[in-house]
Amino acid sequence: MTNVVSLMGTLMHEVGAAWLMTTLAPTPFMVAMVQTASTFPFFLLALPAGALADIIDRRRLLLMTQTWMLTASIVLGVLTVAGMTTPLVLLVLTFFLALGAAVNAPSWQAVIPELVERSELPAAIAIGSVGFNLARAVGPVIGGLIVAALGPGITFILNGASFLGVVVVLKQWKKAQRTSTLKEERMVSAMRAGIRYIRHAPEVRAVLIHTMFFSFFCSPLWAFLPIVSKEYLGLGSSGYGILLGFFGFGALLGAPFLPFLRERFSLNLVVLFASNIFALVMAAMANLHSFIFLAIVMIAGGMVWLILISTLIAVVQSVIPSWVRGRVLSVHMLTFFGGLAGGSALFGFIAGLAGISLTLNVVAGCLVIATVITRKYKLVSGEGLDLNPSMHWPSLVVSCQPDLDEGPVLVVVEYHIDPKRSPEFTDSMRSLKTIRRRDGAIRWNLFHDLTDPGHYIESYIVESWGEHLRQHERITVADREVEKNVFSFHLDGEPPKVMHFLAEPFPVKNKKTDTAGSC
Numbered sequence: 009m010t011n012v013v014s015l016m017g018t019l020m021h022e023v024g025a026a027w028l029m030t031t032l033a034p035t036p037f038m039v040a041m042v043q044t045a046s047t048f049p050f051f052l053l054a055l056p057a058g059a060l061a062d063i064i065d066r067r068r069l070l071l072m073t074q075t076w077m078l079t080a081s082i083v084l085g086v087l088t089v090a091g092m093t094t095p096l097v098l099l100v101l102t103f104f105l106a107l108g109a110a111v112n113a114p115s116w117q118a119v120i121p122e123l124v125e126r127s128e129l130p131a132a133i134a135i136g137s138v139g140f141n142l143a144r145a146v147g148p149v150i151g152g153l154i155v156a157a158l159g160p161g162i163t164f165i166l167n168g169a170s171f172l173g174v175v176v177v178l179k180q181w182k183k184a185q186r187t188s189t190l191k192e193e194r195m196v197s198a199m200r201a202g203i204r205y206i207r208h209a210p211e212v213r214a215v216l217i218h219t220m221f222f223s224f225f226c227s228p229l230w231a232f233l234p235i236v237s238k239e240y241l242g243l244g245s246s247g248y249g250i251l252l253g254f255f256g257f258g259a260l261l262g263a264p265f266l267p268f269l270r271e272r273f274s275l276n277l278v279v280l281f282a283s284n285i286f287a288l289v290m291a292a293m294a295n296l297h298s299f300i301f302l303a304i305v306m307i308a309g310g311m312v313w314l315i316l317i318s319t320l321i322a323v324v325q326s327v328i329p330s331w332v333r334g335r336v337l338s339v340h341m342l343t344f345f346g347g348l349a350g351g352s353a354l355f356g357f358i359a360g361l362a363g364i365s366l367t368l369n370v371v372a373g374c375l376v377i378a379t380v381i382t383r384k385y386k387l388v389s390g391e392g393l394d395l396n397p398s399m400h401w402p403s404l405v406v407s408c409q410p411d412l413d414e415g416p417v418l419v420v421v422e423y424h425i426d427p428k429r430s431p432e433f434t435d436s437m438r439s440l441k442t443i444r445r446r447d448g449a450i451r452w453n454l455f456h457d458l459t460d461p462g463h464y465i466e467s468y469i470v471e472s473w474g475e476h477l478r479q480h481e482r483i484t485v486a487d488r489e490v491e492k493n494v495f496s497f498h499l500d501g502e503p504p505k506v507m508h509f510l511a512e513p514f515p516v517k518n519k520k521t522d523t524a525g526s527c
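In our numbering, the protein residues as written are 9 to 527.
Think of the hints as simulated: they come from the structure by calculation, not from any bench. None of the values given here were measured: they were computed from a predicted structure. Don't be surprised by glycine CBs; every beta carbon is placed ideally from N, CA and C. One should not assume that every hint holds.
[To be verified] Cross-link-like lysine to aspartate or glutamate pairs, in silico, EDC-like; alpha carbons within 16 Å at most:
| hint | residue 1 | residue 2 |
| --- | --- | --- |
| 1 | K441 | E391 |
| 2 | K441 | E211 |
| 3 | K428 | D460 |
[Stated by the list, open to error] Cβ pair distances, simulated, as ranges:
| hint | residue 1 | residue 2 | range |
| --- | --- | --- | --- |
| 4 | E391 | V100 | 42 to 48 Å |
| 5 | R68 | R429 | 50 to 56 Å |
| 6 | K384 | P95 | 40 to 46 Å |
Using the sequences and the accompanying hints, generate a full structural model.
Here you go:
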């Protein structure tokens, strides 16, 4: 409930900021820049924020970001009430507020699987979306009324106050402690690990591609709705808020359809049709300059928006393990808000030259084309995957314990198989290669013995000893099944032989200091 109140405050703030800019600098570009200032920090800080969400205490990080956003909102509100807000001040403080939101978002999304069972995750995400859209249905209307009656500065102050409830709840939350025995990852290393995971996880890349196209080509709706409301429909701030309220109401209507659609249609079909309907929504927004018709269009837009966003978030949440959740979600948000920021700026500039109606019609056509392009990137459901840590790799017994930062480490696995089954074996190794690369290997190879057709060597390199030990904690129960399938080809009656080699740190000539490693 506190989150819904906070979201209402945020949406009231958005109404106040967009409307204030229409009075301070009423051009398509400047109004669109409010959207850009609100979304660009998500693009700027996504990777660091995701890494922080995975390597430090999420509760403490959330408390810090909520306090930051509270302060930024109150400052903007006080300046606006005092009549000291200029277009630059509005953009700068909107940017500062969005900085806190950008750092907050990955941690906030990442804690959802910690609060519910895996089987309940899609429902939890849908409920979160319903809460957001309940706030979207009510917040903009209240925001518009407050702007009309008291001015936009009051909406900024109320938004700041709305963060207080979240801070109180976070103070009371008793978070479970992490179980890893290794020291926390360093920021740069954690960011590299997150990028490496995404590069070698095709199911994640498919979600990101769909998200990128959707957010980029849907951004004009949010960027241009204030101007369409004011110039085409002659509405005041309350009317603009009511239109946003219809959009939120549509999202509430769309929520009950989510379970029905998930049961009866494929994820890819749901995303395809919802994207095309949203294209029609933008085309209608360009051509139907009537409040009643546009209100109906907003309801339809809200329905498909909730279906699309909830589906994409549920897919990405269901296919990633806990150790990298914050980083993957941060890149997902980077993709989403980067598309919104870039699309708002680009289409705002184009609309200043060609007009809003023409721009919206062209963008709607481009979104339809984008749905054709993205069809080859298939979305997969993570239902049935057990992504809990397997912890089945044995502890390594070494003659000398290396320092965690030493490396790189070469891991060699030796297989003896029936030569007749070589095609099956090499095909099964493709899935294992994905797991090795995704969980930390910077290089991977499978070698075939030219003198013995049934003798294979798998080798992979990890950047440090500590990173290899993290591989032991990252492999999941689902990964274990892939590994068992590969090991079933081995003929010796025992698991394949695994060997570990640490790179020898050769001393630099003419250096008096000892550069040798600990082993």
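Review point. Does the structure keep K428 and D460 at a Cα separation of 16 Å or less?
Key: holds, 12 Å
Practice item. With 40 to 46 Å as the target window, see if K384 and P95 comply at their CB atoms. Key: Given about 43 Å between the Cβ atoms, the range holds.
Exercise for review: Measure nothing beyond the straight line between the CA atoms of K441 and E391; if it is 16 Å or shorter, mark the hint as holding.
Suggested key: It is violated: about 22 Å lies between the C-alpha atoms, which goes past 16 Å.
Practice item. Starting from the range 42 to 48 Å, see whether the pair E391 and V100 falls in it by beta-carbon distance. Key: holds, 45 Å
**Study point:** R68 paired with R429, Cβ distance criterion 50 to 56 Å
**Key:** Check passed, 52 Å falls within 50 to 56 Å.
Review point. Under the criterion that the straight-line Cα-Cα distance not exceed 16 Å, is the pair K441, E211 satisfied?
Key: holds, 15 Å
The structure is inconsistent with hint 1 alone, although it conforms to all the rest.
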